[in-house]
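Undergrad: Just so you know, the protein sequences line up as chains X and V, in that order. Just so it is clear: in the first sequence, position 280 is 280 by this note's numbering, and no numbers are missing. Just so it is clear: in the second sequence, position 354 is 354 by this note's numbering, and no numbers are missing.
Among these hints, one or two may not hold up.
[To be verified] Quick partial rundown of chain V residues pointing at chain X, CB under 8 Å, derived from the structure:
| id | residue |
| --- | --- |
| 1 | L8 |
| 2 | L17 |
| 3 | F55 |
| 4 | L63 |
| 5 | R65 |
| 6 | A80 |
| 7 | C109 |
| 8 | P111 |
[To be verified] Which stretches of chain X does chain V cover? Using the computed rule of at least three CB atoms under 8 Å from a CB of chain V, they are:
| id | stretch |
| --- | --- |
| 9 | 28-37 |
| 10 | 234-246 |
Simulated from the structure, these hints should not be mistaken for lab results. This one's a predicted model, so the numbers in the text were calculated from it and none came from an experiment. All C-beta atoms, glycine included, are put in the ideal place defined by N, C-alpha and C.
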Amino acid sequence: MVFSSPTFLFAFLPAVLLATWAAPVRLRRFVLLTAGLAFYAWGVQEFLLIVIASTIVDWALALGIRRARDGGRIPLARGLLVLSVAQNLALLGYYKYAGFLTQQLDRLADVVGMPGPAVLSIALPIGISFFTFEKVSYVVDVWRGDVAPRRDPLDVLLFVSFFPRSIAGPITRLREIQAELRAPRPRPEQVGAGAIRFAHGLAKKVLIADQIAPIADAAFAAAGNGTLTTPAAWVGVVAFALQLYFDFSGYSDMAIGIGMMLGFRLPENFNRPYSAVSVTDFWRRWHMTLSRWFRDYVYIPLGGSQRGSRKTYRNLLIVFLLTGLWHGAAWVFVLWGLYHGAWLMIERRMGWRAVDDSPPRHAAARRAATFLIVLVGWVLFRAESLDVALDYYAAMVAPAGGLTAPVSAALTDQALFALALASLIVLAPGARNGGRWLAETAGRVPAIARLATLLLVLPLALVYAFAQEFSPFLYFQF
Amino acid sequence: MGRLARLLPAIWLVALLAAPAVAWLLGERQPLLQNQPKKPFPTINRSSLQDRATFDQLDDALLDRFPFRGAALEARAAIAYDVFGESTNPDVIVGSNGWLYYRPELMPCTPGSEPATDPADTVDVLARTLVAAGYRTTVVIAAAKQFIHDDPASSVDARAEECVRAMVSRIDRRLARTPGGLALTPELLALERAGKSPFLKRDTHWNWRGREVFARRVLDRVQPGLVDEIGLRPGPAIRYPGDLVRMMGMRRTEPDRAVIALRPPRRPLAPGEVVLIGDSQLDVSLKHQLSPRHPALLDIALVGQLRCDWADFLHGGCDDAIRRARVLVIEKVIRDIHSVTFACWRPIAIAGERLRGPAAKWEPLEGAGTGADGALEIPPSGSIAVRVRSRGADVSDVPRVLRLPVERYGDSAVPVTMTQETPGGQAAPCATPDQGAAGGALMLPIPAGRPMSDFVLRLTSAPGTRLGRPQEIVLDGRALVRRG
Chain X
1 MVFSSPTFLF
11 AFLPAVLLAT
21 WAAPVRLRRF
31 VLLTAGLAFY
41 AWGVQEFLLI
51 VIASTIVDWA
61 LALGIRRARD
71 GGRIPLARGL
81 LVLSVAQNLA
91 LLGYYKYAGF
101 LTQQLDRLAD
111 VVGMPGPAVL
121 SIALPIGISF
131 FTFEKVSYVV
141 DVWRGDVAPR
151 RDPLDVLLFV
161 SFFPRSIAGP
171 ITRLREIQAE
181 LRAPRPRPEQ
191 VGAGAIRFAH
201 GLAKKVLIAD
211 QIAPIADAAF
221 AAAGNGTLTT
231 PAAWVGVVAF
241 ALQLYFDFSG
251 YSDMAIGIGM
261 MLGFRLPENF
271 NRPYSAVSVT
281 DFWRRWHMTL
291 SRWFRDYVYI
301 PLGGSQRGSR
311 KTYRNLLIVF
321 LLTGLWHGAA
331 WVFVLWGLYH
341 GAWLMIERRM
351 GWRAVDDSPP
361 RHAAARRAAT
371 FLIVLVGWVL
381 FRAESLDVAL
391 DYYAAMVAPA
401 GGLTAPVSAA
411 LTDQALFALA
421 LASLIVLAPG
431 ARNGGRWLAE
441 TAGRVPAIAR
451 LATLLLVLPL
461 ALVYAFAQEF
471 SPFLYFQF
Chain V
1 MGRLARLLPA
11 IWLVALLAAP
21 AVAWLLGERQ
31 PLLQNQPKKP
41 FPTINRSSLQ
51 DRATFDQLDD
61 ALLDRFPFRG
71 AALEARAAIA
81 YDVFGESTNP
91 DVIVGSNGWL
101 YYRPELMPCT
111 PGSEPATDPA
121 DTVDVLARTL
131 VAAGYRTTVV
141 IAAAKQFIHD
151 DPASSVDARA
161 EECVRAMVSR
171 IDRRLARTPG
181 GLALTPELLA
191 LERAGKSPFL
201 KRDTHWNWRG
211 REVFARRVLD
221 RVQPGLVDEI
231 GLRPGPAIRY
241 PGDLVRMMGM
251 RRTEPDRAVI
261 ALRPPRRPLA
271 PGEVVLIGDS
281 QLDVSLKHQL
291 SPRHPALLDI
301 ALVGQLRCDW
311 ADFLHGGCDD
321 AIRRARVLVI
331 EKVIRDIHSV
341 TFACWRPIAI
351 AGERLRGPAA
361 KWEPLEGAGT
371 GADGALEIPP
381 SGSIAVRVRS
391 RGADVSDVPR
401 VLRLPVERYG
411 DSAVPVTMTQ
421 ETPGGQAAPC
431 ATPDQGAAGG
441 ALMLPIPAGR
451 PMSDFVLRLT
461 SAPGTRLGRP
471 QEIVLDGRAL
481 VRRG
């Protein structure tokens, strides 16, 4: 089910909100668990049992890890940890990477003239990358002693299936919501702020991202058939950069907003990423929960930056190679990850990271340069194949005038308006995440903005959501 | 701030979200959208629940049933149209000043949808054959709005537009000089140039001016003097609901007038004397009652006459009525010209039941020759390639139609099928694809200026089937048969 789909908006969500609020506090987790399983089962029922089974295994192994540690049997605890991580990564590997791997082996076999393996074609269960990381974080946190293992398996099941974030994040740790898991008690101000946050996210998705999408789609399709011109290429990639941000951050706002209305505080996922003054800074603002996960569960365990420059660079490359692969089993994602990893290495080497609190010199120029670097990377991210990406880059740099006809057709007044609005929002001064500012800041201006959001923007967004055809969130494919 | 005040945003959100479901529980139902049937609910069972398509179908079915979906579509379309001057339906083009156009009007020049034979030749041989068979005939092809109301802002595909415009012009030039043809475009263009557009702004059809032109010209062809007899004139003001805005999900009307008749004709036509085969332009002009105080023109001027749908006509549902009729009106819009090229063989085959002409001769290109009586027999292979040779000139400056009579069927009474194997040229329009009736004939029109020897036919049937000597009928505009 998709947050912006009419089934979710006009049936599932109001029913779950009303049922949760109406239920006695001790029964709310059962309402939420039922809702989470139904939400996930809607369309991917065949995978639901595997998710439940894998979660129960994690629950049991986490208890075992804790018991083994408490008993001083560290090798056993480590073994159970490895088992848990392995079963999670095996599921992820099978569903997400087995097809890619067999395809590469088949190509390799073809090159050396040997019979290749059968290329597997496996449907990717929605949200698997997100909840796999969450389950891994749980058992690792238990191993580290950062969180106590849950005695009740329903707690872990609710943590994994909590529908606001089960399929596209924010990637949450159990310890962040453990207090609410057993007895969610939403406070009135939290519920009100959650509604505003949700409305803000829905508007970002349907009023901006979905309106811009045809421009990017047309540009990348034109790159695929060799008709892309230079202006169209730049317009297309800028449109994609804005579409991706408003789509994914809109989803995160909606998830956080629903979480708040249900009494949960989910972690923030975006903080004005296109205001970043370096690529390092960008990764502290973009998909923050993913960056945090890789930092805590890969980068730091590898030694982080504490073991000399060469190992730091190696660790950065590993993290960003994995970041790329996490987004998809394709060479374009691998290259995209390495591209960002390389920039982080360059910034560290040249002292350009600009991550301390003091504003850097030439902030505007650095911001523009960072945006340009990120923009170039998005081509790899969006292109269907390396060939298309190379054609796209060629169109960006080899001057070819005019606007590709389909891109020109996609630049309708509505799309241009949405593009201009998105650009203004991104360029507007300010240091805080817009959604959080809108929902939680006191003062006259935020109050007026809240009123406008509720009375004008929300009904408009609902009209657009109700009237549009199906439009999935971009990050569902990961 | 009080507890309720802090909860107000959430109360408002849930009220908006729950409104459709609550309305449904209170009995509110979403009417059909654009007359499309609601998508059915999927079958729910253990196996279907494991299929992702079941949930997609469930989403679609719910979406069609949520109350207020129509209102949301309308609001969305109104924002797009009124604020941004854009369309929410890819088939609807927004031009300047809110004028709307229908994109499929470019269909005749869209790759894959082009007519199979030359449309000008098609309407020419159709009208002339019917005139030759004694019908009082009107064949008219209605040009689309964008080719009358010139609006550069509506341009979406310059190549296709130019192509259709040229096709309209070619057809109209031909209809203007074809006996039985009616070219309306020049008159409609003249109105447009005088600042009196004959089209509705937000609809695919003519407004009262266009409808009046059509009604006058057609009714006077049906029976000269009929227009004056009935006192045809523009009637009261009405509000016309636009089909193009409806395609975008909006319900809007625009000012128009009804075209009315003041009285019935003094000399009413006998029932069934006229068959009108047309599409919605004909219906809006003659059949629909647009003013509640005045009957439709058809119900006052042509009482008892048959209005035949193209869907029926395409499948032979109008054949008997055509056989009985004395007057035929055939109207089609340019976007559906392929329907004319596809189905025009039907009235020509009916006309061919009565038409006769001087003998031509068979020229078999393979297998056995013709008999002493000039007849052709299907050889044991069941198929033969032939030409027909004229006794006169191979080329003529007027169209001709060849009548290929089936004299006798082979043992198994398999129908004779005729396919054209025309190397390096367009196929003949309106050729009979097959003939299964005893004593029937295949008809093969030869357009003006085309050598008869260009057309190579493959005739297929049971061995022993005999086709008599071909007959060549010259379509010079004269009625060769008197009717009724």
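Undergrad: Now tell me if each hint is right for this structure.
TA: Outcome of the hint check:
1. L8: holds (7 Å)
2. L17: Constraint on V:L17 satisfied, holds at 4 Å.
3. F55: With a closest approach of 4 Å, the V:F55 hint holds.
4. L63: holds (5 Å)
5. R65: Violated, because the Cβ-Cβ distance from V:R65 to chain X comes to roughly 10 Å (cut-off 8 Å).
6. A80: holds (6 Å)
7. C109: violated (17 Å)
8. P111: violated (16 Å)
9. 28-37: Check failed, 0 qualifying residues.
10. 234-246: violated (count 0)
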